[in-house]
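J.: Each chain, letter by letter, is given below.
There are 2 protein chains.
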Amino acid sequence: MIGKKASITKVISEADVEKFAELSLDINPIHLDEEYAEKSVFGKKIAHGFLVGSLISAVIANKLPGYGSIYLKQEMNFKRPVFLGDEITAEVEILEEIKPSVFRIGTKCTNQSGDIVIDGFAVIKKG
Amino acid sequence: MIGKKASITKVISEADVEKFAELSLDINPIHLDEEYAEKSVFGKKIAHGFLVGSLISAVIANKLPGYGSIYLKQEMNFKRPVFLGDEITAEVEILEEIKPSVFRIGTKCTNQSGDIVIDGFAVIKKG
Numbered sequence: 009m010i011g012k013k014a015s016i017t018k019v020i021s022e023a024d025v026e027k028f029a030e031l032s033l034d035i036n037p038i039h040l041d042e043e044y045a046e047k048s049v050f051g052k053k054i055a056h057g058f059l060v061g062s063l064i065s066a067v068i069a070n071k072l073p074g075y076g077s078i079y080l081k082q083e084m085n086f087k088r089p090v091f092l093g094d095e096i097t098a099e100v101e102i103l104e105e106i107k108p109s110v111f112r113i114g115t116k117c118t119n120q121s122g123d124i125v126i127d128g129f130a131v132i133k134k135g
Numbered sequence: 009m010i011g012k013k014a015s016i017t018k019v020i021s022e023a024d025v026e027k028f029a030e031l032s033l034d035i036n037p038i039h040l041d042e043e044y045a046e047k048s049v050f051g052k053k054i055a056h057g058f059l060v061g062s063l064i065s066a067v068i069a070n071k072l073p074g075y076g077s078i079y080l081k082q083e084m085n086f087k088r089p090v091f092l093g094d095e096i097t098a099e100v101e102i103l104e105e106i107k108p109s110v111f112r113i114g115t116k117c118t119n120q121s122g123d124i125v126i127d128g129f130a131v132i133k134k135g
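Sequence lines, in order, name chains A and B.
Be aware that the first sequence starts at 9, since it is given in our numbering, and climbs by one per residue.
Be aware that the second sequence starts at 9, since it is given in our numbering, and climbs by one per residue.
Pulled out of the complex, with its shape left as it was, chain A reads as follows (with noise of 0.2 Å):
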């Protein structure tokens, strides 16, 4: 199980951000406003953080360790801004067994130029 990798891969779309803001109640206009953004030290509209993060939770739950996971933990640095269109590749890696199915796992998402945007790690239980 140690050093086992998965991943998957998702283009950001406005209407993605579009619908996560209406379901998680951000609505920034950093997000959603194109004026607002344009004068913002990014210079154009940014995705949601957790709506990028969430792709992490994804491969978690889908591949790796898979259906019966447990999240215990989750810690997100975000290094750079992720704009609309960007294909965000969200990849895991299983560091080490804590305690007996409980595994600590390497987190992070890249972009399409393989910047890292976001890196941290997870704690999840195996059930």
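Derived from the structure by calculation, the hints contain no laboratory data.
Backbone N, C-alpha and C fix where the C-beta goes; we use that ideal spot for every residue, glycine too.
The reader is advised that the hints may include incorrect statements.
[As the list claims (entries may be wrong)] Heads up, simulated DSSO-like pairs for lysine-lysine below, C-alpha to C-alpha not over 30 Å straight-line:
#1 B/Lys18 with A/Lys133
#2 A/Lys81 with A/Lys13
#3 A/Lys133 with B/Lys81
#4 A/Lys52 with B/Lys107
#5 A/Lys18 with A/Lys133
#6 B/Lys52 with A/Lys87
#7 A/Lys107 with B/Lys47
#8 B/Lys116 with A/Lys133
[Unchecked claim] Stretch by stretch, here's where chain A covers chain B in the computed footprint (C-beta under 8 Å, at least three residues):
#9 54-60
#10 72-79
[As the list claims (entries may be wrong)] Here are the computed distance ranges between Cβ atoms for each label pair:
#11 A/Phe50 with B/Ser15: 25 to 33 Å
#12 A/Glu105 with B/Ala23: 31 to 39 Å
#13 B/Glu105 with A/Gly74: 36 to 44 Å
#14 A/Phe50 with B/Glu105: 20 to 28 Å
#15 B/Asn70 with A/Ser21: 16 to 24 Å
#16 B/Gly11 with A/Gly74: 23 to 31 Å
#17 B/Lys27 with A/Tyr44: 18 to 26 Å
#18 B/Asp127 with A/Lys27: 24 to 32 Å
#19 A/Gly135 with B/Ser21: 19 to 27 Å
#20 B/Asp127 with A/Gly114: 34 to 42 Å
#21 B/Pro37 with A/Ser21: 19 to 27 Å
#22 B/Gly11 with A/Glu105: 39 to 47 Å
Since chain A is already given, all that's left is putting chain B on it; use the hints.
T.: Positioned in the frame of chain A, the structure of chain B alone reads:
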């Protein structure tokens, strides 16, 4: 600024969980399949941790520190499951100014019984 608090409350519905599964690609049957969930340790379907946690992002972006907040870090400890129909309150509290305009913020989500379902902290740059 230090010691200031803000919160937001939302009922997590079955429709929310289904939409979040589509957006995040996290199709763990513990969120979507009643029969599967009944046989799990939880006994019924639970919400995605990232969906619940995204309410923290909403409080930060909409209220405190508010628009212009830039996420640098989020740590989440998942303490208890959130069931469909649970009313979740996400609360943030400004703990300290780590460096100019960069704040460490306590973040927690509680359910309608007052039980903590997620705790942790965020680091936010106020642009």
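J.: Hint numbers the structure violates, sorted upward?
T.: When the structure is compared with the hints, numbers 6, 16 and 20 turn out to be violated.
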